[in-house]
Amino acid sequence: MVEGGAVTNKIQRTTRASDVLIMVFIGLTVLLSILPFLNIIAVSLSSKEAIISDKVTIFPRGFNMESYKLVFEDARMLKSMGITIVLTLVYTILSMVMSICAAYPLTKESLKGRSFFSMLIIFTMFFSGGMIPEYLLVKELGMLDSLTSLIVPGMISAFNLIILRTFFSSIPPSLEESAYLDGSSHIGTLLRIVLPLSLPVLATLSLFYAVSRWNTYMDALFYITNSDLYPIQLKLYQVVMNSMVTDLTAQEGAIQTEVVAEGIKAASIMFATVPILIVYPWLQRYFVSGTMVGAVKE
Amino acid sequence: MDRSFAHSKTQVLPQSVKRKRQAKGFWKDYQLYLLLLLPIAYFIIFKYVPMYGAAIAFQDYSIFKGVGGSEWIGLDNFKELFAMSQFYTVVRNTLLLNLLDLIVSFPAPIILALLLHELRTLWFKKVAQTILYLPHFISWIIIGGLVYQIFSNNGGLVNNMITALGFESVPFLTEKNHWLLVYLGTGIWQSAGWGTIIYLAALTGINKELYEASEVDGAGRWRKMWNITLPGIRPTIVVMLIMALGKIMTIGFERPFVMGNALVMDYAEVISTFVYKVGLQSAQFSLATAMGLFQALVGLVFVVGSNAIAKKMGEQGLW
Numbered sequence: 001m002v003e004g005g006a007v008t009n010k011i012q013r014t015t016r017a018s019d020v021l022i023m024v025f026i027g028l029t030v031l032l033s034i035l036p037f038l039n040i041i042a043v044s045l046s047s048k049e050a051i052i053s054d055k056v057t058i059f060p061r062g063f064n065m066e067s068y069k070l071v072f073e074d075a076r077m078l079k080s081m082g083i084t085i086v087l088t089l090v091y092t093i094l095s096m097v098m099s100i101c102a103a104y105p106l107t108k109e110s111l112k113g114r115s116f117f118s119m120l121i122i123f124t125m126f127f128s129g130g131m132i133p134e135y136l137l138v139k140e141l142g143m144l145d146s147l148t149s150l151i152v153p154g155m156i157s158a159f160n161l162i163i164l165r166t167f168f169s170s171i172p173p174s175l176e177e178s179a180y181l182d183g184s185s186h187i188g189t190l191l192r193i194v195l196p197l198s199l200p201v202l203a204t205l206s207l208f209y210a211v212s213r214w215n216t217y218m219d220a221l222f223y224i225t226n227s228d229l230y231p232i233q234l235k236l237y238q239v240v241m242n243s244m245v246t247d248l249t250a251q252e253g254a255i256q257t258e259v260v261a262e263g264i265k266a267a268s269i270m271f272a273t274v275p276i277l278i279v280y281p282w283l284q285r286y287f288v289s290g291t292m293v294g295a296v297k298e
Numbered sequence: 299m300d301r302s303f304a305h306s307k308t309q310v311l312p313q314s315v316k317r318k319r320q321a322k323g324f325w326k327d328y329q330l331y332l333l334l335l336l337p338i339a340y341f342i343i344f345k346y347v348p349m350y351g352a353a354i355a356f357q358d359y360s361i362f363k364g365v366g367g368s369e370w371i372g373l374d375n376f377k378e379l380f381a382m383s384q385f386y387t388v389v390r391n392t393l394l395l396n397l398l399d400l401i402v403s404f405p406a407p408i409i410l411a412l413l414l415h416e417l418r419t420l421w422f423k424k425v426a427q428t429i430l431y432l433p434h435f436i437s438w439i440i441i442g443g444l445v446y447q448i449f450s451n452n453g454g455l456v457n458n459m460i461t462a463l464g465f466e467s468v469p470f471l472t473e474k475n476h477w478l479l480v481y482l483g484t485g486i487w488q489s490a491g492w493g494t495i496i497y498l499a500a501l502t503g504i505n506k507e508l509y510e511a512s513e514v515d516g517a518g519r520w521r522k523m524w525n526i527t528l529p530g531i532r533p534t535i536v537v538m539l540i541m542a543l544g545k546i547m548t549i550g551f552e553r554p555f556v557m558g559n560a561l562v563m564d565y566a567e568v569i570s571t572f573v574y575k576v577g578l579q580s581a582q583f584s585l586a587t588a589m590g591l592f593q594a595l596v597g598l599v600f601v602v603g604s605n606a607i608a609k610k611m612g613e614q615g616l617w
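Protein chains in written order, with the numbering used here: chain P, 1 to 298; chain E, 299 to 617.
One or more hints might be untrue.
Calculated pairs, EDC-like style, for lysine to aspartate or glutamate (alpha carbon to alpha carbon, straight line, at most 20 angstroms) [what the hints assert, rightly or not]:
1) E/Lys-363 to P/Glu-140
2) E/Lys-575 to E/Glu-378
3) E/Lys-363 to E/Asp-374
4) P/Lys-139 to P/Asp-219
5) E/Lys-545 to E/Glu-567
6) E/Lys-377 to E/Asp-358
7) P/Lys-48 to P/Glu-73
8) P/Lys-112 to P/Glu-176
9) E/Lys-474 to E/Glu-552
10) P/Lys-79 to P/Asp-219
11) E/Lys-506 to E/Glu-416
12) P/Lys-112 to E/Asp-327
13) P/Lys-55 to P/Glu-66
14) E/Lys-424 to P/Asp-19
15) E/Lys-575 to P/Asp-219
16) E/Lys-474 to E/Asp-399
17) E/Lys-522 to P/Asp-19
18) E/Lys-423 to P/Asp-19
19) E/Lys-575 to E/Asp-564
20) E/Lys-522 to E/Glu-416
21) P/Lys-55 to E/Glu-466
22) E/Lys-474 to E/Asp-564
23) E/Lys-545 to E/Asp-399
24) P/Lys-139 to E/Asp-358
25) P/Lys-79 to P/Asp-145
26) P/Lys-112 to P/Glu-177
27) P/Lys-108 to E/Asp-327
Don't read these hints as lab results, they were simulated from the structure.
The whole structure should be built from the sequences, with the hints applied where relevant.
Here it is as C-alpha cells:
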C-alpha cells in the first residue's frame, strides 16, 4: 500500500485529510457504542443523592458500592447466575458435540442420502412450525419447568452447523485419506485429524452457542414458571423491565423510590454483563477468523 | 486397489474372512450414520414434529385430545384471524418495523466496513472492531435496560442533557413516533458493528492488483472505493439482502417484547408478541398457531421470491 513516486503531493495531502476524517468518524461510532455502558457503570456506582439530582453521566458521583451490595445480598440473583452458568456450560458442550456429529458425515461424498440430510436440515432455517406447536411439544415431553427445556429444544443451530460443515470440507482430503490407509475409522479420523485442525472454528461456534444461551430469555419466559429455576436474564427481566413499566406510567411523586431502584437496576445489569465482558476480549480473535471461514462460502 | 486384491484371491478366501471384509466396508459408513443419528433425530423431533403440530391451526385444538384427536374445522381459525382488526395492525407493524429496520440498518455495516477497511493505524482498527462488536453480545433485556436508562423521561441521560440546556424533555419511550426512532437506532447500535465482520471478510478477498492498476490510472481513494471495492463485495451484499428480505415477516420476539410498552403498542405489537399473548397467555392455541403458520408461509414466499429475483439479476443467490 506504499504510495508510488508518481503520486503528487496534492493527492497525498487529501489522502491524509480523509484518513483523519475516517478516524474521527470511527472514533465517534466507537464512543457511541461504549457510552451506554459507561453511563450504567457510573449509575451503579453512584450515591442515591447524585442519581436523584440527575448528575450522573459517565463518571460516578458520590462513589459507593451500595447497589452492588444489595445485588449480592439477593440470594435469588446469585442463584439465577449459578443456573445460567451451568446451563451455558452444559448447553455449549452438548451443542458442539451434536453439531460436530452432524457436520462431519455431511462432508463425506460416499455417504448415501447426504444431500437429503442436508436439505432436511437447511429447510428448518426457512420454515418452522411456530411458537405454539413448539411450546406444546415441550409440554408433551414433560419438559416444562425443567432446565432440559432450555437445553434440548434449541440444541443445534442449523446456521452454525453449515459453518462447521463448510470448514470441515475445506480440510484437504489427502490428510484424511492417509489416516484411512493407516486403518483409522471415521470416528478416529474425526477425533485425531479433523478436530485438531478445526480449533479456531470450534472456538468460534462454542462462543456463538454460549453467548446465545447466556442471552436468550424467550424460552425461559415460555417454559419456566418456577422462580427457583429462573436463569439470570429472566431474573433481570423482572428487576429491569417490571420496574420500567411502572416507571413509565408513574407520577412524579414516585421518583424517590424509583431512583433507589435505579442504582440496583444498573448494578444488576452490570452483574449479568461482566462475565461476558471478561470472556469476550480473549475469544474475540477466534471468532473473527472463524466467522470469516464460514463467510467465504456465502 | 482393494478390488484387484480381492479378485486375485477370491477363490481361496474363506467365507468368514469375506464376510469380515464386507462388514468392515459397511462399518466404515455405519459410523457416519451413527454420528448422524442423534442430530437427525433432533431435527425430526424438535423441528419437524412442530411442523406437523402446526396442523392444529386447522383444528379446534383440545389439549386433552391432542393433535390426533382434536376436531378438524378447516379454515375457521384463519377466518377468525382475518376478521380481527388487531391482525392487520400486527402484520402492518411487523412489516413496518422490519422494512424501516432494513432501510436504516442494512447499509450501516457496509459503510462501517468500508471505513474500517481504509484505516491504516492497525491498533486503532483492532480496538475499534473489538468495541463495535460488543453490543451484539449483550442480551435484549440488558439493552432494554440501557435504553431505558438513557432515554427515559425522568432521569434518563439524554433528557437530563436536554433539560439542562433549557429545552423540554422528549417522550422518547412513551410517544410512538419517538419510540420508533429509538427502536430503529437501538437496532443499528446492536448490529452494525457485528455486521461488518462478513463484509470485512469479503473485502479481504478483493484482488489487490486492481487497486494498483487504478492508482496508476490516477484514481483517488473515493474513486477506488466506488469502482473497485463496492463491486467487489456486491455478491456478499446481495446474499445479505436476500437473507434480510427473507426475514421480513419473521421478526424476532425478544427485541419488540423488551422495548415495547403499553403506551406504544400501536407500533410495538408485532406477530411474535401477538402470538405469545394470544397463544401462551390466553391459551387460544389454534388461533395463535394459525397466525404463526400464516407468518411462516409468507416468510417462505419472501425467501424463495427474493432468491429468484436475485438469480434473475445475475447474482448467485442462496441456492
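Against the structure, the hints come out as follows:
A threshold of 20 angstroms between alpha carbons decides the hint, and for E/Lys-363 with P/Glu-140 the separation of about 12 angstroms falls inside it, so the pair holds. Straight-line distance between C-alpha atoms of E/Lys-575 and E/Glu-378 comes to about 16 angstroms, which keeps the hinted pair within the 20 angstroms bound. For the proposed pair E/Lys-363 and E/Asp-374, the alpha carbon gap of about 19 angstroms is at most 20 angstroms, so the pair holds. Simply put, P/Lys-139 and P/Asp-219 have alpha-carbon atoms about 12 angstroms apart, close enough for the 20 angstroms limit, and the pair holds.
Only pairs whose Cα atoms come within 20 angstroms are accepted, and E/Lys-545 paired with E/Glu-567 is accepted, the gap being roughly 17 angstroms. Proposed proximity of E/Lys-377 and E/Asp-358 is supported: the alpha carbons are some 13 angstroms apart, at most 20 angstroms. With a CA separation close to 18 angstroms, the supplied pair P/Lys-48 and P/Glu-73 stays within the 20 angstroms bound. Between the alpha carbons of P/Lys-112 and P/Glu-176 the distance comes to roughly 19 angstroms, so the proposed pair stays at or under 20 angstroms and holds.
With a C-alpha separation of about 19 angstroms, the suggested pairing of E/Lys-474 with E/Glu-552 holds against the 20 angstroms cut-off. Using a Cα cut-off of 20 angstroms, the hinted pair P/Lys-79 and P/Asp-219 holds, with the two alpha carbons roughly 18 angstroms apart. With a CA separation close to 13 angstroms, the supplied pair E/Lys-506 and E/Glu-416 stays within the 20 angstroms bound. A distance of roughly 9 angstroms separates the Cα atoms of P/Lys-112 and E/Asp-327; the hinted pair therefore holds under the 20 angstroms criterion.
Note on P/Lys-55 and P/Glu-66: the hinted pairing holds, with a Cα-Cα distance of about 18 angstroms set against a maximum of 20 angstroms. Distance check on the hinted pair: E/Lys-424 and P/Asp-19 sit about 16 angstroms apart at the alpha-carbon level, within 20 angstroms; holds. Using a Cα cut-off of 20 angstroms, the hinted pair E/Lys-575 and P/Asp-219 holds, with the two alpha carbons roughly 14 angstroms apart. Taken as a hint, the E/Lys-474 and E/Asp-399 pair is honoured in the structure, with Cα atoms around 16 angstroms apart against an allowance of 20 angstroms.
At most 20 angstroms may separate the alpha-carbon atoms for a hinted pair to count; E/Lys-522 and P/Asp-19 meet this at roughly 15 angstroms. For the given pair, E/Lys-423 sits about 12 angstroms from P/Asp-19 by alpha-carbon distance, which is consistent with the 20 angstroms threshold. Between E/Lys-575 and E/Asp-564, the direct Cα distance comes to roughly 15 angstroms. Compliance with the 20 angstroms bound is thereby established for this hinted pair. A C-alpha spacing of about 11 angstroms is found between E/Lys-522 and E/Glu-416, which places the hinted pair at or below 20 angstroms, so the restraint holds.
Restraint check for P/Lys-55 and E/Glu-466: the C-alpha separation of about 18 angstroms stays at or below 20 angstroms, so the hint holds. A hinted pair counts as satisfied when its Cα atoms are at most 20 angstroms apart, and E/Lys-474 with E/Asp-564 qualifies at roughly 7 angstroms. Our distance criterion of 20 angstroms between C-alpha atoms is met by E/Lys-545 and E/Asp-399, whose separation comes to about 11 angstroms. Between P/Lys-139 and E/Asp-358 the alpha-carbon distance is near 18 angstroms, which keeps this suggested pair within the 20 angstroms criterion.
For a cut-off of 20 angstroms, the pair hint linking P/Lys-79 to P/Asp-145 stands: about 16 angstroms separates their Cα positions. Of the pairs offered as hints, the one joining P/Lys-112 and P/Glu-177 holds, with about 19 angstroms between alpha carbons and a cut-off of 20 angstroms not exceeded. The straight-line distance between the Cα atoms of P/Lys-108 and E/Asp-327 is roughly 9 angstroms, inside the 20 angstroms bound, and the hint therefore holds.
Hint violations for this structure: none, all hints satisfied.
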